[in-house]
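Visitor: Here is what each chain is made of, one letter per residue.
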Amino acid sequence: MTTKNLPLWEVFIRSQHGLAHKHVGSLHAADAEMAMNNARDVYTRRNEGVSIWVVPSASIVASSPDDKEPLFDPANSKVYRHPTFFPMPDEVKHI
Amino acid sequence: MYAQLVETGAKKVPTLAEMTPEEQAFQAKIDAGIKIEAKDWMPEGYRKTLVRQISQHAHSEIVGQLPEGNWITRAPSLKRKSILLAKVQDEGGHGLYLYSAAETLGVSREQMVDDLHAGKARYSSIFNYPTLTWADMGAIGWLVDGAAIINQIPLCRCSFGPYARAMVRICKEESFHQRQGYDIMISLMRGTAAQQAMAQDALNRWWWPSLMMFGPSDAESINSAQSAQWGIKLFSNDELRQKMVDQTVPQAEHLGLRIPDPDLKWNEERGHYDFGAIERDEFYSVLKGNGPCNKERLATRVKAHEDGAWFRDALMAHAEKRAARAGKAA
Chain F
40 MTTKNLPLWE VFIRSQHGLA HKHVGSLHAA DAEMAMNNAR DVYTRRNEGV SIWVVPSASI
100 VASSPDDKEP LFDPANSKVY RHPTFFPMPD EVKHI
Chain U
5 MYAQLVETGA KKVPTLAEMT PEEQAFQAKI DAGIKIEAKD WMPEGYRKTL VRQISQHAHS
65 EIVGQLPEGN WITRAPSLKR KSILLAKVQD EGGHGLYLYS AAETLGVSRE QMVDDLHAGK
125 ARYSSIFNYP TLTWADMGAI GWLVDGAAII NQIPLCRCSF GPYARAMVRI CKEESFHQRQ
185 GYDIMISLMR GTAAQQAMAQ DALNRWWWPS LMMFGPSDAE SINSAQSAQW GIKLFSNDEL
245 RQKMVDQTVP QAEHLGLRIP DPDLKWNEER GHYDFGAIER DEFYSVLKGN GPCNKERLAT
305 RVKAHEDGAW FRDALMAHAE KRAARAGKAA
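So the sequence lines, in the order shown, correspond to chains F and U. Residues 40 to 134 (the numbering used here) make up the first sequence, in order. Residues 5 to 334 (the numbering used here) make up the second sequence, in order.
Bound conformation, chain F alone (with noise of 0.2 angstroms):
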């Protein structure tokens, strides 16, 4: 019986139309050659893609869900990020 199980991969598509690659799920195989085969048959049946990147998944690092407050809470007080921040006179155009 086997006893190294296949590693885990997970798999980006970018669709047509220019989007950038999304993530659409993960797969097991033995190389990145069966990887991308793999992603091929699982995950682009129905012309779901132009693009294929598949990445080990033990290659992602990724932010903690407890590290959410110190990472994203302070964007929340900086509104003057956003150009609705700045009234505009009506009668100024084209800005």
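Bear in mind the hints are in silico, worked out from the structure with no lab data behind them.
Derived, one-sided and incomplete: chain F residues facing chain U with beta-carbon distance under 10 angstroms:
#1 44
#2 65
#3 66
#4 69
Just so it is clear, CB atoms sit at the ideal spot from N, CA and C, and this is done for glycine as well.
Given chain F's structure and the hints, the job is docking chain U onto it.
Guide: Same frame as chain F, but now just chain U:
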């Protein structure tokens, strides 16, 4: 429903006051419609129940390839063979999406597959019935995939993000499955008297097992109430079954087929069809492993897995050899 009688471990559904502060915060997220993600804090019961439910769902997709795989080599035309092959391939894909979703909860695919093969994990009762004629391919697509759609569409909104996202992908593909089945039934009903009789026979055999897919009435079930509180079960078994009957009866009428239920009758007052009760004894018996094909299905899965072991070993050995060679060259 591909997941039947999912155990939650709950003796009683807790009220907000009985929950710990962590559990209260978790419940508040669910009640606000915020998705739970894999690394978020979750009650152990929620995690375990989801592993059971998603793996059962995944196993159903994989074992569900077998009854239809039976007819790939005997499809009546190249067109039907290509369609059936694509459909069965989709089922394999659905199983893989779902195993991935379950793996985010910290259980390995190998463990889930081992549990299935050891008889510790379930799959849907429906796949333990034999596929005797070509018309069964029509009836399965139309009824079994039809029932699966009714169950799965609400799950696209369930509380666990990876499961909900897998369901969105699956639902997009299921519609093809149901339509190709109905299309087979249309063709048979336009055919000879023998072909029409074959279609009727398939409906006769698949109708009740399809209604059993939704499980027994769960109005009183603590497990269902707990799953509802957790946002991983959005409608009761009876509500979903009623929906199945209401939408399928007119489809059968259009085909000119008779539903094998003497109690089936439109109820003007309720605005729904009344229909007979499922055979609970048969349902539990099939679920316990005594259906017509339980032993054969599991034996086929185990054999396929064991026969493929040398190939998986070879893939890993090859990958490791190449990695070692690349390491030396560097």
